[in-house]
Amino acid sequence: MSLFSRWFKKNKKKATSTDEKPVTTPLKQVDYLALPTYTLVTDEEEKRRVSLIASALAADSHPNSQFVVKHIYQVNPAISTISIIAASLAAEQYPESKWKIKAIYEKVSEEKSC
1 MSLFSRWFKK
11 NKKKATSTDE
21 KPVTTPLKQV
31 DYLALPTYTL
41 VTDEEEKRRV
51 SLIASALAAD
61 SHPNSQFVVK
71 HIYQVNPAIS
81 TISIIAASLA
91 AEQYPESKWK
101 IKAIYEKVSE
111 EKSC
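Counting in our numbering, the sequence shown runs from 1 upward without gaps.
Be careful, since some hints might not be right.
To be verified - As a list, the in silico DSSO-like pairs of lysine-lysine whose alpha-carbon atoms are at most 30 Å apart:
(1) 47 to 70
(2) 102 to 70
(3) 102 to 47
Everything labelled a hint here was simulated from the structure, so no lab data went into it. Quantities reported herein were computed from a predicted structural model and do not represent experimental measurements.
Using the sequences plus the hints, can you model the full thing?
Written out as structure tokens, the structure reads:
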């Protein structure tokens, strides 16, 4: 039993109380909004073209099947532009490193009405 009691025993440390409280300054509340990585395709001609290509590829693999394309997404152009700029700036400082951008946030502006 002593083996388990050593593993699961709680350390009893004496709490040191100090009369000083840490000084905290209120921080300015800043809100950020995550930019979507993909957006819906709105151009009807592009939707038709992508659906036709997807249909041809699917018909080659499964000739007796039917399917419906419900949504077509494209990479958000703002995300790709920001990613390229950020990656090239980072690569300038550290050329031997590899970078992966996981999320991009936009600062929400608070407008004051007078």
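Going down the list of hints, with the structure as the test:
Between residue 47 and residue 70, the direct Cα distance comes to roughly 10 Å. Compliance with the 30 Å bound is thereby established for this hinted pair. Only pairs whose Cα atoms come within 30 Å are accepted, and residue 102 paired with residue 70 is accepted, the gap being roughly 27 Å. With a C-alpha separation of about 27 Å, the suggested pair residue 102 and residue 47 falls inside the 30 Å cut-off, and the hint holds.
In this structure, none of the earlier numbered hints is contradicted; all agree with it.
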